[in-house]
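Chain order of the listed sequences is B and X.
Residue numbering for the first sequence follows full-length UniProt numbering, beginning at 1 and increasing consecutively.
Residue numbering for the second sequence follows full-length UniProt numbering, beginning at 1 and increasing consecutively.
Don't take every hint at face value.
Derived PhoX-like pairs: lysine-lysine, alpha-carbon spacing no greater than 25 Å straight-line [claimed, not checked]:
hint, chain 1, residue 1, chain 2, residue 2
1, B, Lys-377, B, Lys-399
2, B, Lys-186, X, Lys-402
3, X, Lys-443, B, Lys-11
4, X, Lys-257, X, Lys-243
5, X, Lys-402, B, Lys-80
6, B, Lys-323, B, Lys-210
7, B, Lys-186, X, Lys-443
8, X, Lys-243, B, Lys-103
9, B, Lys-11, B, Lys-103
10, X, Lys-402, B, Lys-11
Derived by calculation from the structure, the hints in this document are not laboratory data.
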Amino acid sequence: MAEKPILERLKTLADAAKYDASCASSGTTKRDSRSGKGIGSTEGMGICHAYAPDGRCISLLKLLLTNHCVFDCHYCVNRKSSNVERARFTPQEVADLTLSFYKRNYIEGLFLSSGIIRNSNHTMEMLVETARILREEQDFRGYIHLKTIPEADPEIVQRAGLYADRVSINVELPTDAGLTRLAPDKNAGQIDGAMAGMNSAIVEAKDAKKRFRHAPRFAPAGQSTQMIIGADAASDTDIVTRASSLYTRHRLRRVYYSAFSPIPDASAVLPLKRPPLIREHRLYQSDWLMRFYGYAPHEVAAAAGADGMLPLDIDPKLAWALKFRESFPVDVNRAPKEALLRVPGLGTRAVGQILMARRHRRLRLEDVAKMTVSVKKVQPFIVTIDWRPVLLTDRADLKALLAPKAEQLELFVA
Amino acid sequence: MTGHKELELQHVRLGTYYVVPMATSDDFEEWRDHARRLLMADVPPDRVAWTEPGGSAGDLFSHGDRRLPAPDRDAAPPRVSRRFIEIARTALLNSDYKRFSLLYRVLWRLQAKPKLIEDMADPDVRAMADMAREVRRDIHKMRAFVRFRVVEEEGRPGEDRSEHYVAWFEPFHHILRHNAGFFTRRFANMRWSILTPRGSLHWDGKTLHEGPPATRADAPGGDPAEDLWRSYYASIFNPARLKIGAMLKEMPRKYWKNMPEAQLIPELIAGAQAREAAMVEKGALDMGERPATLGAIERAIHACARCPIGELHNTAVMGEGPQSVAEGFSGLMIVGEQPGDHEDQQGRPFVGPAGQLLDVHLAEAGIDRSAAYVTNAVKHFKYVPKVVRGSKRRLHQNPSAKEIDVCRWWVESERMIVQPRLVLAMGASAARGMLGKTVSITKARGSPIPLDGIDGVGGSELWVTAHPSYLLRLDGAGREEQERLFRIDLAAVAARLAELA
Numbered sequence: 001m002a003e004k005p006i007l008e009r010l011k012t013l014a015d016a017a018k019y020d021a022s023c024a025s026s027g028t029t030k031r032d033s034r035s036g037k038g039i040g041s042t043e044g045m046g047i048c049h050a051y052a053p054d055g056r057c058i059s060l061l062k063l064l065l066t067n068h069c070v071f072d073c074h075y076c077v078n079r080k081s082s083n084v085e086r087a088r089f090t091p092q093e094v095a096d097l098t099l100s101f102y103k104r105n106y107i108e109g110l111f112l113s114s115g116i117i118r119n120s121n122h123t124m125e126m127l128v129e130t131a132r133i134l135r136e137e138q139d140f141r142g143y144i145h146l147k148t149i150p151e152a153d154p155e156i157v158q159r160a161g162l163y164a165d166r167v168s169i170n171v172e173l174p175t176d177a178g179l180t181r182l183a184p185d186k187n188a189g190q191i192d193g194a195m196a197g198m199n200s201a202i203v204e205a206k207d208a209k210k211r212f213r214h215a216p217r218f219a220p221a222g223q224s225t226q227m228i229i230g231a232d233a234a235s236d237t238d239i240v241t242r243a244s245s246l247y248t249r250h251r252l253r254r255v256y257y258s259a260f261s262p263i264p265d266a267s268a269v270l271p272l273k274r275p276p277l278i279r280e281h282r283l284y285q286s287d288w289l290m291r292f293y294g295y296a297p298h299e300v301a302a303a304a305g306a307d308g309m310l311p312l313d314i315d316p317k318l319a320w321a322l323k324f325r326e327s328f329p330v331d332v333n334r335a336p337k338e339a340l341l342r343v344p345g346l347g348t349r350a351v352g353q354i355l356m357a358r359r360h361r362r363l364r365l366e367d368v369a370k371m372t373v374s375v376k377k378v379q380p381f382i383v384t385i386d387w388r389p390v391l392l393t394d395r396a397d398l399k400a401l402l403a404p405k406a407e408q409l410e411l412f413v414a
Numbered sequence: 001m002t003g004h005k006e007l008e009l010q011h012v013r014l015g016t017y018y019v020v021p022m023a024t025s026d027d028f029e030e031w032r033d034h035a036r037r038l039l040m041a042d043v044p045p046d047r048v049a050w051t052e053p054g055g056s057a058g059d060l061f062s063h064g065d066r067r068l069p070a071p072d073r074d075a076a077p078p079r080v081s082r083r084f085i086e087i088a089r090t091a092l093l094n095s096d097y098k099r100f101s102l103l104y105r106v107l108w109r110l111q112a113k114p115k116l117i118e119d120m121a122d123p124d125v126r127a128m129a130d131m132a133r134e135v136r137r138d139i140h141k142m143r144a145f146v147r148f149r150v151v152e153e154e155g156r157p158g159e160d161r162s163e164h165y166v167a168w169f170e171p172f173h174h175i176l177r178h179n180a181g182f183f184t185r186r187f188a189n190m191r192w193s194i195l196t197p198r199g200s201l202h203w204d205g206k207t208l209h210e211g212p213p214a215t216r217a218d219a220p221g222g223d224p225a226e227d228l229w230r231s232y233y234a235s236i237f238n239p240a241r242l243k244i245g246a247m248l249k250e251m252p253r254k255y256w257k258n259m260p261e262a263q264l265i266p267e268l269i270a271g272a273q274a275r276e277a278a279m280v281e282k283g284a285l286d287m288g289e290r291p292a293t294l295g296a297i298e299r300a301i302h303a304c305a306r307c308p309i310g311e312l313h314n315t316a317v318m319g320e321g322p323q324s325v326a327e328g329f330s331g332l333m334i335v336g337e338q339p340g341d342h343e344d345q346q347g348r349p350f351v352g353p354a355g356q357l358l359d360v361h362l363a364e365a366g367i368d369r370s371a372a373y374v375t376n377a378v379k380h381f382k383y384v385p386k387v388v389r390g391s392k393r394r395l396h397q398n399p400s401a402k403e404i405d406v407c408r409w410w411v412e413s414e415r416m417i418v419q420p421r422l423v424l425a426m427g428a429s430a431a432r433g434m435l436g437k438t439v440s441i442t443k444a445r446g447s448p449i450p451l452d453g454i455d456g457v458g459g460s461e462l463w464v465t466a467h468p469s470y471l472l473r474l475d476g477a478g479r480e481e482q483e484r485l486f487r488i489d490l491a492a493v494a495a496r497l498a499e500l501a
């Protein structure tokens, strides 16, 4: 069969890849191309080379090697029973495209995934081969993220780690029941086992690197995963609990959430209205609370309502504060860092600035105002030398005072 | 960097204003030398005016003394925290002309209060930090948004034609030199130039040269790879999740004019709603509430046109049989593929040749068809009209996976109402209708597959066997073998049914 021109195939295979949320290019080792013959560098911080109108960062060339697939996952646009147009690239074509984009400074590197062709092992081999061409033949030193296929042999999956900065395996759905129903060809145990295997390979390689200078690098940016939100009945509490267990058990760098969005030629098992995008946003906020603000998973769950869902109209930190008003107000001149981090409206940077500044002066409300975006939001929860929220935290209408106006919300829901 | 003129030193006089004309916009060392000298001569910040290269100090200082004062011989060299140096180095690249004096003011105040730099509530410290932050952002955005275009050029003697990557970029602050290292490290083995209105950088693979300010006209006008890049940009964007604010926050309009992909943004946004609507229409069907009775299903399937089969000239065929123990229901639900020509005409399942063969086998296995609920995975007859030997015929067509999946809604609703103990699916289509995935009959037959409840109601177990019409299409030894397997399957189902009852 004659292949379509590369431009057409790029459209098809980028379109097929857009349901993966991750595009991060951060967290890997520092390196550059001065000592080599190729191109590329990574300097720790990722770079977003463009932003699409969906607000997402475009950092990597995100492609599927092929969207042919023998699997039949209902939420997936590329499932076997879907009528989407199919295309495929060879590993060499993807490597050439990556270099051509990289040289023009369009991207940080490549994020390659694939539908399952022939079988899982063959597919995984092709993904690894693409990365090998880039690294070994082209001496490419930019970022590579490979999606790995849990059904493939661990030996092949782990070869991916030798070339890639980051590897990922998607858990796909927050609950095993959801996976069984919507991804009938996938197996929760297998996915979990693959993540555990990858984690021990990463830990082992890190350990070897400490002892032997020339030990090979192995997925220095770790592993991540993605869950689809709103395609099954999982509540926010279920999702947060699952994410937290993934962070601790498999040392994931990131758990990405992807709000289920209507896909062309959707399966009939999904008679779904899409979840509001704001739900995905609230889940990311709760993720942040756990990773940077010292909240335990059960505390995030406590911010959710009786149905296990986080409020959509206010962020989870504010929701928590309104529920646990006895923890406030917090005295910005005395409170420990942990207590300051719980104040709605104070981010990690503001907290750092408060801690530094209060060594030099007793802070007034106007001082705090300079360090935050909105002192109005912070005010009810703090004490300064010239401000004390008299009974404010007891007011029943506090939520109404603080919740963003409905008009502002429109922006998100649209 | 041009060296500054030899400065004549003299002692500070009370009431004197000084003008410091900066020779460069981005050289921290130059500023530091001046600042150190002023500080050691005890010149307060409000007595100094700093000017940009080519700029003037304005009226106030028009009579200022351009000769900096000589410091006291025994004055101690000023000391300052590393944190100040770090922030000041970055803040100095800001294009705000006030940066030189602000930095000097902070430096002056730090002499009396060395830890002031930590006090983010102090307006000067804040202003300095803000300037540094703007610069860092601009540095980062330049690394992100520079777009090279390739120009084919004659190579140096002895070399082939070589590729030269040229970019035109308009930074907002004095960051060009600062960013040279980044581009050199990244594109060490490429020949590249970055042209800006404030100067240019040229890397030949070995050394970096600085050049004069450039104009957009000096840069190439296009690159064939941009078509690919634009297609990528348009394809990776998900029209179902428009978040224009989030995009603008990170990629403000001011950067768009030098980014080839940005010209697509207006049309992508305009087309997004339409594309999403089309996707929803083509894709997920909102099936509404699940029907609560078999009667409701029957009415609904007659009106169903959610897949193309429903639009053919045919009649929906509803399942039949008892649905409760009171009506004599044995707990068995039999699912076939779809109605055939006979079923379509009579409006009942399994009445054609395949149905007759099924009846024979059921009787042989001791299964009472009248106590079973019999239905199909697909509710309408799919066919192509064809003239065979002079007469018009409707030739059976297999339903596609998609069509089966659409119809699952109905057969699952039937299962929810009938609540069978055991489901017998005959043929691959029926199995898919029950499981939502395609299984191989050879592998799946002979043992039960658990079936989840629907919306949490009524789990069951599924047995899979061949469709009787498959037996009809075979003959000879093949037919005998398949009939034998079919008998074994039905016998197993009969035994299991007795066990469950």
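We went through each hint and held it up to the structure:
Restraint check for Lys-377(B) and Lys-399(B): satisfied, since their Cα atoms lie roughly 11 Å apart, inside the 25 Å limit. Among the hinted pairs, Lys-186(B) with Lys-402(X) is consistent with the structure: their alpha-carbon atoms are about 20 Å apart, no more than 25 Å. Taken as a hint, the Lys-443(X) and Lys-11(B) pair is broken in the structure, with Cα atoms around 38 Å apart against an allowance of 25 Å. With a C-alpha separation of about 21 Å, the suggested pair Lys-257(X) and Lys-243(X) falls inside the 25 Å cut-off, and the hint holds.
Straight-line distance between C-alpha atoms of Lys-402(X) and Lys-80(B) comes to about 10 Å, which keeps the hinted pair within the 25 Å bound. Proposed proximity of Lys-323(B) and Lys-210(B) is contradicted: the alpha carbons are some 46 Å apart, above 25 Å. For the suggested pair Lys-186(B) and Lys-443(X), the alpha carbons sit about 18 Å apart, so the restraint of at most 25 Å is met. Taking the CA atoms of Lys-243(X) and Lys-103(B), the gap is about 29 Å. The hint is violated against a cut of 25 Å.
Proximity of Lys-11(B) to Lys-103(B) is assessed by CA-CA distance (about 20 Å); at most 25 Å being required, the pair is judged to hold. As the CA atoms of Lys-402(X) and Lys-11(B) are separated by approximately 24 Å, the hinted pair is consistent with the 25 Å bound.
Consistency with the previously given hints fails for numbers 3, 6, 8, ordered from lowest to highest.
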